[in-house]
Amino acid sequence: MSLWAFRFLLFYICILFVQPQNRFLFLYPLHIADLSIIAAVGLHIIACMQEKRPLIRFGPATVTAILLIVFGLISQYTGALQVGTEWNSYIDRLMKAAFVCILVEAMSDSVQRIWAVQGTMMLATLWWIKAGVRLAAAGATYYDDRIMGPTVSIVENPNGFAFMMCVMIPIYLYFFQRSERLWLRAVFLAMTLASVYIVLETGSRTGLIILVVIALFLVPKYGAERKVTLLVGAAAIFVILSLVSPGNIRRLQTIPKSIRAALLGQVAAPGQLDRDELSAQERRLKMRDTWALIKEYPLLGVGVNPDNDLLARHYAYAAGQVHCEILMAGRQMGLIGMGIYLSFLVTMFMRGRRVQRHTSAWWPEVGDLGWTFKMQAVTIAVGGFFSPLPWNPVTLILAASASALWPAVSVEAYTLPKIPGVAIVV
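Under the numbering used here, the first residue of the sequence shown carries the number 141, and numbering increases by one thereafter.
Calculated from the structure, these hints are not laboratory results. There could be a bad hint or two in this list.
25 angstroms max Cα-Cα, derived DMTMM-like pairs, lysine to aspartate or glutamate [what the hints assert, rightly or not]:
| no. | residue 1 | residue 2 |
| --- | --- | --- |
| 1 | Lys397 | Glu422 |
| 2 | Lys397 | Asp414 |
| 3 | Lys270 | Asp249 |
| 4 | Lys367 | Glu320 |
| 5 | Lys397 | Asp416 |
| 6 | Lys435 | Asp447 |
| 7 | Lys192 | Asp414 |
| 8 | Lys236 | Glu226 |
| 9 | Lys435 | Asp416 |
| 10 | Lys367 | Glu505 |
| 11 | Lys236 | Asp249 |
| 12 | Lys236 | Asp447 |
| 13 | Lys361 | Glu320 |
| 14 | Lys397 | Asp285 |
| 15 | Lys192 | Asp249 |
| 16 | Lys397 | Glu417 |
| 17 | Lys435 | Asp414 |
| 18 | Lys236 | Asp174 |
| 19 | Lys361 | Glu505 |
Computed Cβ-Cβ distance ranges for the label pairs, DEER-style [claimed, not checked]:
| no. | residue 1 | residue 2 | range |
| --- | --- | --- | --- |
| 20 | Val407 | Gly387 | 24 to 32 angstroms |
| 21 | Leu371 | Asp447 | 53 to 61 angstroms |
| 22 | Leu170 | Arg274 | 23 to 31 angstroms |
| 23 | Tyr217 | Leu482 | 19 to 27 angstroms |
Ideal Cβ positions, reconstructed from N, Cα and C, are used throughout, including at glycine.
Can you make the complete structure from the sequences, with help from the hints?
Structural data, given as structure tokens:
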């Protein structure tokens, strides 16, 4: 029962990433996502009753997810600027992401299952890679040659597409590093390079910044043992840059100017700015006004889905989506929401770091997995600073997996053969 419950959970994660029911409409009335998660929960309950073990495991991610549910509901019904208490897309996304987070940690009781979660995410995002390459090749662009991304997945726009592809790159690199067969390494390297190409073709300045951050961590990690691969990758990226459309290159070249304007606090009249400059300035103003709003309502924020007219009366640019996850969390639930958001990232980073430090010598496959979680935490922290959706299910699934990894390693360490001269710390 436990195995089948976990299989249905993996199937739900795959549906969450790809959302085939929105592309193949005959699947929509079948409620495949609802049925898969109901089956996963039902079989999990039966398995726990048979094996006499707890339904949930109170790791850091699960505790944080429970706090998210509690304070999300409080904010939904008592937020200072929350006019309507009807169910909305914000609270719906929050509840589903928290629920899946709890289930992932509850069922990931072995390293193999955590590998399976990462592997499912990797396979599901093949659809994203296919969509991105196809859109770029077909010239199906948004504006200035920007590709939108697969329209029926959880990706919403070019920036979101670039962000999510960057989150997946450490997974592709992990499977590349640990694959023993040459053809598999070639496949995962191709997936990584295709992701880089897609990120650049979105024209996302956020995506380019994340790629630079990934490179800063990647070279020290694999530089010594993968010199040839790094040289091949560098040459491939040089070729990729020559293939990126001129409109996207021009947009990416505006990054220094945008950073300089942000540091100097420059605000220009809309008529003096082009579309990209105006977008960057509006982001800065939204962040400024949202932070001011949080300071006015610091404890519980103003509501999960506050009234935009009331927001505009307080701070004009705080209405609508704010492209900064931690500030959106603060707007919804105040400093408590910001703390919950940071807790997921800290869990991912610290658990990954702990596993990497204590297993790299005697279980390198798991040590590299710990490094992968660390890298994903950094990627989400950087990309999330420019993204509007704090309770992204991808983030919470990864946090739950990282939270479950150390207990799983601690249990399985006792069954592994001891390596002379190597201390196994659990």
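Query raised in the report: Are there hints from earlier that the structure breaks, and if so, what are their numbers?
Result: 3, 7, 9 and 17
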